[in-house]
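S.K.: Residues per chain, in single letters:
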Amino acid sequence: MSGALPGMGGALGDALANAAPAARQQLQSLAAPGADAASKAQALAAQAADAASAAADQATQAGQAAQAQASQAAQSAQSQADAMAQGAQGPAASAVSAATEQIENDFSAAQDACSPGSPCACNGHIPSAFDRAGAEDAVMGAAAAGLKQVAAVLPAAQQALALASLVQDGVPTPGAIDSLVAIGRQVMSGANPSAAVPSASGLQALMQQASQMRAMAANAAGGATGAASQAVAQGQGAATRAAAAAQDAARPPADPQAVLGQIGDWLGQQPDDVVRQASSAMARPPAA
Amino acid sequence: MNVISPQQWHRMGRDSFDARMVAVIRRHHPAQAARTPFEQLVQAIHRQVARARAHGLNDERSVATYVYAAWLLGEEFDRRVPAIAQVLAERRLHAAEKAKAIGDFCKVAFGILEGRTPARSAA
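Going down the list, the sequences are from chains X and Y.
Numbering-wise, this note's numbering puts 274 at position 274 of the first sequence, and it's gapless, one number per residue.
Numbering-wise, this note's numbering puts 1120 at position 120 of the second sequence, and it's gapless, one number per residue.
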């Protein structure tokens, strides 16, 4: 009786796999039609009532047995009673009973199957509208399906996702940051709402990260400017010194006759012994 | 002023029904539910809702009971289980009576298979 999907009918398949042959025969008897539909329905109702009663009796007996044991092991009595009461029905039968009860509570008998938001038949409560996990799956599935249908939006969304992962990986580039900021602004302004695949709050966080990165980049640029100025100043100093050196180098060499004349003048004003020493020094040949 | 179209209204109702149905299945049959992708499960629910309506079951509870029985017994349980086929084909039974018979069948069947429910002879 299993269906095409792996889960549909899987509960019956699992139960059949573990069932005794006698139970299978009983199941065939249960599945056989009755004399008429009404009597079959009544028979099913009676058997379900018997099953519920039997489960209750077994639970009571289990609880009593556990209480009897409690005199000997008071600390573990409650847990044993709970376990035995739960075991009064098998796990699958318990699940079916509990699920059926939940359906009675969460689904209205007076409301059409596809009309939203109105209270259930008891008028005492509104059935819980959404299972969070299921709703999230549905929203993401619908978003993905919608994006696939809007060709113009898809590249922007893909770019946004790529940029988001880029930023998360911590490998930002100036172009990527600018693109991310642009897309984020589009999303925030509603110009391109479909690009908000990572969610608006996620994009806000990304924009914040991008702004921080831009600030860091600006700081780095400022530092680079300072270093460049310093280098220029140093360069200017070096250039000045070089220019001075060049000017020095460009001066015409001294006239030897004039220098000798100056020396002669200077020597003429000195005492005799100084003149003698200087004349002797001048008479020696220069060192090689 | 925003206006919700009938199509949107219907979609909201269908999504709400789907989500509650998935919640029941996931809560009570987590192992089997894990074997079924969400999209395929929702599609199967839609197919079973359509079959339930074809059998005259229209209210939420009856349809949910029918869909849940399909989850337990397989997608074509309405044809493969003679007792259920007999009940569903009976025009004199109300939708709620048919749904209750389906739910009772499921409870008794799983009780029998786990050796917890004494079987009676067929009526």
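To be clear, the hints were calculated from the coordinates, so they are not data collected in a lab.
This structure is a prediction, so every number in the text was calculated from the model and none was measured.
Mixed in with the good hints there might be a few duds.
[Stated by the list, open to error] If you want the footprint, here are the derived chain Y segments under chain X, 3+ residues with CB under 8 Å:
1. 1022 to 1032
2. 1041 to 1051
3. 1059 to 1067
4. 1070 to 1077
5. 1086 to 1094
6. 1104 to 1113
[What the hints assert, rightly or not] One-sided excerpt, in silico: chain X residues whose CB lies under 8 Å from chain Y:
7. Pro21
8. Ala23
9. Pro33
10. Ser53
11. Ala56
12. Asp57
13. Ala93
14. Ser97
15. Ala98
[To be verified] Across the chosen pairs, the derived CB separations fall in these ranges:
16. X:Ala35 x Y:Gln1040: 36 to 44 Å
17. Y:Met1012 x X:Arg24: 24 to 32 Å
18. X:Ala17 x Y:Gln1007: 17 to 25 Å
19. X:Gln25 x Y:Trp1009: 44 to 52 Å
20. Y:Ala1054 x X:Ala98: 36 to 44 Å
21. Y:Met1012 x X:Ala22: 24 to 32 Å
22. Y:Arg1092 x X:Gln25: 29 to 37 Å
23. Y:Gln1043 x X:Pro21: 42 to 50 Å
24. Y:Trp1009 x X:Ala35: 38 to 46 Å
25. Y:Pro1006 x X:Ser29: 18 to 26 Å
26. Y:Gln1007 x X:Ala49: 40 to 48 Å
27. X:Ala17 x Y:Pro1030: 15 to 23 Å
28. Y:Gln1007 x X:Ser29: 17 to 25 Å
29. X:Ala56 x Y:His1010: 23 to 31 Å
Note that beta-carbon positions come from the ideal geometry of N, C-alpha and C, so glycine has one too.
S.K.: Let's test the interface hint: is any C-beta of chain Y closer than 8 Å to that of Ala56 (chain X)?
M.R.: violated (12 Å)
S.K.: For the pair Gln1007 (chain Y) and Ala49 (chain X), does the Cβ-Cβ distance stay inside 40 to 48 Å?
M.R.: Hint holds: Cβ distance 43 Å, inside 40 to 48 Å.
S.K.: Tell me if Ala98 (chain X) is really an interface residue toward chain Y, meaning its C-beta lies closer than 8 Å to one of theirs.
M.R.: holds (6 Å)
S.K.: Do three or more residues from the region 1059 to 1067 of chain Y put their C-beta atoms closer than 8 Å to C-beta atoms of chain X?
M.R.: holds (count 7)
S.K.: Min Cβ distance, Ser97 (chain X) to chain Y: is it shorter than 8 Å?
M.R.: holds (6 Å)
S.K.: Could you tell me whether the CB distance from Pro1006 (chain Y) to Ser29 (chain X) stays inside 18 to 26 Å?
M.R.: violated (47 Å)
S.K.: Does the Cβ pair Ala35 (chain X), Gln1040 (chain Y) satisfy 36 to 44 Å?
M.R.: Holds - the Cβ-Cβ distance for Ala35 (chain X) and Gln1040 (chain Y), about 39 Å, lies within 36 to 44 Å.
S.K.: Using 8 Å as the Cβ threshold, decide whether Pro21 (chain X) counts as touching chain Y.
M.R.: violated (11 Å)
S.K.: Within the region 1041 to 1051 of chain Y, is the number of residues with a Cβ closer than 8 Å to a Cβ of chain X three or more?
M.R.: The restraint on the region 1041 to 1051 of chain Y holds, since 4 of its residues have a Cβ under 8 Å from chain X and three suffice.
S.K.: State, for the Cβ atoms of Trp1009 (chain Y) and Ala35 (chain X), whether the hinted interval 38 to 46 Å holds or is violated.
M.R.: Once the Cβ atoms are compared, 44 Å apart, the range 38 to 46 Å for Ala35 (chain X) and Trp1009 (chain Y) holds.
S.K.: Does the interface hint hold: is Ala23 (chain X) within less than 8 Å of chain Y, judged Cβ to Cβ?
M.R.: Given a least distance of 5 Å, the restraint on Ala23 (chain X) holds.
S.K.: A range of 23 to 31 Å was offered for this pair. Does it hold for the Cβ distance of Ala56 (chain X) and His1010 (chain Y)?
M.R.: Hint violated: Cβ distance 42 Å, outside 23 to 31 Å.
Comparing the model with each numbered hint stated earlier shows that hints 7, 10, 11, 12, 17, 18, 20, 21, 23, 25, 28, 29 do not hold.
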